[in-house]
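Here's the letter readout for the chains.
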Amino acid sequence: MDDRQLDLMLKESFNLDVDDQAHVLDGMEGRVLEKIQPQSLDLMLKESFEIDVQARAHVLEGMEDRVIEQLLEQPAEKTSNRWSLFPRLPQLNLNFAMAGAFAIVIFLVGNMVGDFWGSPFGGPDQDYQGVTFVVAIPEANSVEVVGDFTSWQPQSMTRDDNGVWTLAFDLDPGRYEYAFVIDGQEWKPDPLADEYVKSYNSTNSVRYVSSEGETS
Amino acid sequence: MGESELELLQRALNQDMEAWAEIMTNYKRAVFGVSLGILRNTADAEDTTQEAFIRAYEKLHTYNMQRKFSTWLFTVAANLCKNKLRRAKFSTALKEEQWVEGGEDPAQIHERDELQQKVRKALDKLRFDYRAPMVLRFYADLDYKEIADVLGVPEGTVKTRLHRGKQELKKIMDKEGGLEHGRQTA
Numbered sequence: 001m002d003d004r005q006l007d008l009m010l011k012e013s014f015n016l017d018v019d020d021q022a023h024v025l026d027g028m029e030g031r032v033l034e035k036i037q038p039q040s041l042d043l044m045l046k047e048s049f050e051i052d053v054q055a056r057a058h059v060l061e062g063m064e065d066r067v068i069e070q071l072l073e074q075p076a077e078k079t080s081n082r083w084s085l086f087p088r089l090p091q092l093n094l095n096f097a098m099a100g101a102f103a104i105v106i107f108l109v110g111n112m113v114g115d116f117w118g119s120p121f122g123g124p125d126q127d128y129q130g131v132t133f134v135v136a137i138p139e140a141n142s143v144e145v146v147g148d149f150t151s152w153q154p155q156s157m158t159r160d161d162n163g164v165w166t167l168a169f170d171l172d173p174g175r176y177e178y179a180f181v182i183d184g185q186e187w188k189p190d191p192l193a194d195e196y197v198k199s200y201n202s203t204n205s206v207r208y209v210s211s212e213g214e215t216s
Numbered sequence: 217m218g219e220s221e222l223e224l225l226q227r228a229l230n231q232d233m234e235a236w237a238e239i240m241t242n243y244k245r246a247v248f249g250v251s252l253g254i255l256r257n258t259a260d261a262e263d264t265t266q267e268a269f270i271r272a273y274e275k276l277h278t279y280n281m282q283r284k285f286s287t288w289l290f291t292v293a294a295n296l297c298k299n300k301l302r303r304a305k306f307s308t309a310l311k312e313e314q315w316v317e318g319g320e321d322p323a324q325i326h327e328r329d330e331l332q333q334k335v336r337k338a339l340d341k342l343r344f345d346y347r348a349p350m351v352l353r354f355y356a357d358l359d360y361k362e363i364a365d366v367l368g369v370p371e372g373t374v375k376t377r378l379h380r381g382k383q384e385l386k387k388i389m390d391k392e393g394g395l396e397h398g399r400q401t402a
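As they're listed, the protein sequences go chains A and B. Everything in the first sequence is counted per my numbering, starting at 1 for the first residue and increasing by one. Everything in the second sequence is counted per my numbering, starting at 217 for the first residue and increasing by one.
Isolated chain B, as found in the complex:
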């Protein structure tokens, strides 16, 4: 952790809201990405990101400054995501995201790529146990140990879940003909 971040956290701990705003600016995209990857819904990911920063601020005194701050923050967000998914099982199911969007933005044009669509749809069908380590690994760039810390499971379990998750993903894509297309584009 850089000294400036440590300073910001210490100021935030002293209820300096400007410092906390700066922390949020630095991390909101990462937290949103993790939440979106797990929940697969923009509105819920936005709510969760906001809630994660509120919760993290309230619990900042419990944060061990020896630990990587981003990992701690992802833990807060991942737990909120899991609570949300737990509730969704009983009440209104999370709305299915429309991954295709219009417009001429290069990112959106890319998004229309057929294979990417199949990856997204396959991710929608993966269970939390597989999806969470996947987004922490491939979006947040955490290593196995960090993912284990975030999810509260042993490192070996993370490796197993990543492996099985990918197998499952390929199976789902295979059903949709995704690998056929993948062969042409890989």
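So here's chain A without its partners, still in its complex pose:
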């Protein structure tokens, strides 16, 4: 191999190397721009969200009235709670000591009744929909949820016209394991679970619940 041949080979080799690795250059302009102007995309996003809302703000007109109308139509237990009794005590013309005693009694009785009969904010409540479990099994005759939040007792889900089964629970923040029971026999994991864990011979689904009901 003479010098000329070696030069050509080197040239070719360097070019091939660059060709092989050229993919690392994809999108580099964007990365560099981001470093030079780190806020450009952030500002664009901020502006984009704001413009979207601005252009559609008309849908919010009169929303207050619509919400209040719905709240007033709901059964009393949905729009009231035992805590809200406290501020109303002065209207009863009781002296302070009597009001305090009365509040304690109301609180204790309220708790006992709530625990015994099921508070509107605890336990399964299809209307409330704190954390909703959903699964599509059109061919099933029944689908139930079992989990640590039901003490592994089956809770029936409701089927819609498309064969989608749903059931809502009001759950405290935390990690919950559960499964679906199909036609009273077959245990199935939730395809939308946050994660899965092995339990004996089956797989349990896991849902993480944040402070107001759902996971991220």
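Note that these hints are calculated values from the structure, not bench results. Nothing here was measured: the structure is a model prediction, and the numbers come from that model. Incorrect hints may appear among the rest.
[To be verified] Using 27 Å as the maximum straight-line C-alpha spacing, the simulated DSS-like pairs for lysine-lysine come out as follows: (1) A:K46 / B:K284; (2) B:K375 / A:K46; (3) B:K386 / B:K361; (4) B:K382 / A:K46; (5) B:K375 / B:K391; (6) B:K284 / B:K337; (7) B:K361 / A:K46; (8) B:K275 / A:K46; (9) A:K46 / B:K341; (10) B:K300 / B:K337; (11) B:K387 / A:K46; (12) B:K300 / A:K46; (13) A:K188 / B:K300; (14) A:K46 / B:K386; (15) A:K46 / B:K337.
Given the coordinates of chain A, assemble chain B onto it according to the supplied hints.
Then chain B, alone, in the frame of chain A:
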């Protein structure tokens, strides 16, 4: 939280609907913005906003007044959005929003800007995990800790998701030629 807001909340807790109406007036735009940013559909965002105020009123007794009210309200709305998206996976998919609108409103004229359109379309394609922290950060102006509270994830996860979300967004825009245009306008 200002004293007047606290007073309003206390009155609302005592079933004073006028006070709750005032709270709604103060926050409906913010809640709608967060819902729209996550759901990417006007009708669904409107429904969710309304539902969020109903749900928040029903759960007001659980609200810890030491916590920022807007953050608590966004938590309620974000959870409703997630439930809606969960359901949409199985039933009718959320309708694709037409982000271009006519008219001579300056906001709408601006909306036609090509790059903004690409940002919107790219946002449509982002998954919830990335889109939710993005709207809470860039629309609602929440800090990382507040976003973590709203979404129920650690603060580090919020940072990671924001970073990855932006990378993903740029990738999507890149495919559409968005960065090419961005270079000219940035």
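*Just pull the numbers of the violated hints for me, sorted ascending.*
6 and 8
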